[in-house]
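Novice: Chain U is already provided as a structure; the job is to place chain X on it using the hints.
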Amino acid sequence: MDRRHFLTLTTALAATGVIGQPLTARAAQPYAGQRVSVLLEGHPTSDAIQKLLPEFKELTGIDVELEIIPEQDITAKMLLEFSSKSGRYDIVQNNIIYIKGFADAGYIVPLDDLLKANPDHYDKADFVPGYIDTAMSDGKLYGLPVYGESTFLMYRKDLFEQHGIAVPKSFDDIEAAAKTISEKTNKEIAGITMRGQQGIQGVYVWAAYLWGMGGSFLDEAGKSALGTPEAAKALEAFARVLRDYGPVGVANFGWEENRLLFQQGKAAMTLDATVNGAYNEDPAASTIVGKVGYVPVPMQADKPKGGSSSLAVHCMFVSADSQVKDAAAVFASWATAKAQQIKSVKSDPNSGVTSLGAMADEEFVKRYGAFKDAMLQAIGQGNPQYLPTVPQANEIINNTGIAVSKALAGTATAAEALKEADAANQAALSK
Amino acid sequence: MNQDATRYFYQPVLIFLGAVSLVLTAYVTWLTLNDLSLMKPQAQKFVGLDNYWRLLTDARGLGALWRTALFTIAVTTIEILLGLAIVLYLDREFKGRRLVRALLLVPIIMTPVVVGLTWRFMFDPSTGMVNYVLSLLGQDRPMDWLGNPAIALFAVMIADIWQWTPFVALLTLAALEALPTDPLDAARVDGAKEWQVTFYVLLPMLKRALLIVALIRAIDSVKAFDLFYIMTRGGPALSTETLNLYGYIAAFTNFDVSYAMTIALVLTVVTNIALLAVYGVMFPARNEARA
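Line by line, the protein sequences are chains U and X. Here the first sequence stands for residues 1 to 431, numbered as in the numbering used here. Here the second sequence stands for residues 1001 to 1291, numbered as in the numbering used here.
Rather than coming from a laboratory, the hints here were simulated on the basis of the structure. No experiment lies behind these values; they were computed from the predicted model shown. Treat the hints with care, since some could be wrong.
As the list claims (entries may be wrong) - DSS-like cross-link-like pairs, simulated, lysine-lysine; straight-line CA separation at most 27 Å:
hint : chain 1 : residue 1 : chain 2 : residue 2
1    : U       : K100      : X       : K1040
2    : U       : K85       : X       : K1040
3    : X       : K1045     : U       : K85
4    : U       : K77       : X       : K1040
5    : X       : K1223     : U       : K77
6    : U       : K140      : X       : K1040
7    : U       : K100      : U       : K223
Just chain X, with the same shape it has in the complex:
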């Protein structure tokens, strides 16, 4: 038996946090088994698994789930690739390096509401900056960024990528600077070309950090709400409605609390399973070492 005194510090916290999440999860699960509308609070009744069946057969809900998955995978991938490219470029001495690093922080610090409003103005088809720049490049027909259901989701993605790529870059840069330089030098001494050093030595060493950053970004993208709410409110023609936004609308537009909770719970469970699976694939060696 381990009689380490530190457990008196962490155990109460763990028990408290565990109890809170357990109680909340149990309450939410109970709500999903009921039919409860905020407009008719007296008329709560038990309906079993009806809400889950409803979501399973709800074309709008399934479409929203698909868009959540698409958004998460696309922005996470692009942000990691772009962030990595920026880091590889920044990892050298040049004039204004500190300034560039400081500027990288700006999008991360901005509140998403401001980011959403800014991009909404930038994407304005008649007065926005984006179409103005495109017109200088010879694109005469103004692009309808947020009003065309075929491209609105991608317009929101651009805003998200702009905001969060610097986050990826900063974390990766920190990891990069903590790496020992000996293996890189050794590779160079052995006659490896610079791209070979990057691909065969540097990237494998950065892999863990990149995967962690990707995990954080993926979790955040699943939860993304502000940008969608400000920029498109799920429109046009539902083309930007994610499951998170649909849950919000179910709760606060339709006042259908139990269905909103069902959506939220399903999203949480699906995300957990997906991320645990990804995590398992990412770090198999570590799991074996522990076993």
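Next up, chain U with everything else stripped away, as it sits in the complex:
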């Protein structure tokens, strides 16, 4: 075919709309053939997303290269790639506490314009407001929430009834209840179990005591506030109840040990993440299905500086060094959209959906009805500053973890241990 024939033919075809057809089909897949590299945390939501990838490829033509690694290692891995500007990952997942640090360092980009240009899957109104509002920094949206959770107090309804104990409304009530259970059962059943391991594990739970008893990590001027009497009182109460009525070995308990002990019916209370509810109510793994009551974390302060319920939201971020930011935004908004979240509830033990629509879904209510209301209440009063969100957050948590561990192990008094942590935190903040 010579050139003139070709031109005539194509003009004719265009006029009849024959090749207009494939053009619109291609317009629906503007990023077909692009490759998005995604780094996600080991979590039920990531497994669910992985199962749905073929649907995404068919829908958009975008190839997704998914890597899933444990949450505790993910920050170090992404920081190495960020700081070398490798562009290795187009999308990374992490906790909202990193947003400020990552945004200030120029590692991640605002999503507002990207989502405006690619609005197909994004529905802001469908996200739990408490989640999407925390994914911002300086008024710009940086993350799309994949899963979220808060904390609540779980107690054994049967044991409380048997020993005539009322539902705890303060930390003093918790201690009294723990004492009663521990004494009445001759220490067969621990009064309470909580994570005590040095580091984020212990700090994540102790922070409930800190806020609930009127303390805070930082004061209004952004200075460390762990040297206050409120903080010392909170750490003393936390360490005392675990030392006197907690299980043996609690000082090295992470999330898993704590959850297992409670699931096996060896403790009467635990204060932990809302996701634990899904494990308590799972007949395949739990001996206490239907026996657990769920209530919000107590508040016990005249002038609290913030709520004692946590708000942990894990979002997808788009890397500043990504070459395919639009395709990345499409993937992030698709993976966090209502339709995919509803599928994830069916395919994996995911009680942490971030979509209001998915939460109202029948399947969600059927599986997690036992603690859904308490969870929603906890999320509603979740404290976005529960863990510090400054760039030095990790270091502050590490220093604080040492103090919590020392007080729990009894190698220092709460006040001494916190004084050390306070000095170390202040040094980190003023760097």
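Specialist: Leaving out everything else, chain X in the frame of chain U:
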């Protein structure tokens, strides 16, 4: 001048390896003289010897150095003694000898992460195997192996000793089998008792092999990381934080890269000096013979 052609084979390799380690060491040294945080990559600035001064006055760092030294000396000594005892026992014909040798390999082959997890479960105070066995022996109060700062470091040592004693045994056994038996027979003919043969003839002949194995184990123990990371993460109350782990936390929790490099470099230098000194004491005769 030696015009041996083999140098064309080894010299390029030596030059390459030498250049790589030289460049890396120089870069790490440069980083330790700066203040660099992964969270603020633009704000790198030269601070001279500040990082070294900071480590010298850092109670947490010095405590970690002490625990590294304690861990290294304790596990190396115990592993050598236990390994030697096992070898002396195994060095005879008995039924199932091959099976025992094969079993010795199992802990060495296991990845440290699996070893750490296994021991973490074994040491679990309420459901762990260790406390169960102790309760059969009449110990009613469960031991808090990993939650008590007074014993957590020793619990990690037990896991390390379990994993690496077979390594000592295997290497020593290989050395033992390569030894000539004539001196032993001669000693026996001269009327030496079996323990005298072992102590005055066999052990002196094994000395070199044992010292080499000890050196390898000491270097590995200084670098030990996986077991600590999996079993305790440095807790409780910092009681198991070694210098290696502290360096990791400085880098990947606090994102303080320059300080982490300082810790790593100091650990490397201290270890090198200590081991060179030990090596010098171990093999003086050989050095003199060469001189």
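Novice: Going through the earlier hints one by one, which of them does the structure break, listed in rising order?
Specialist: none
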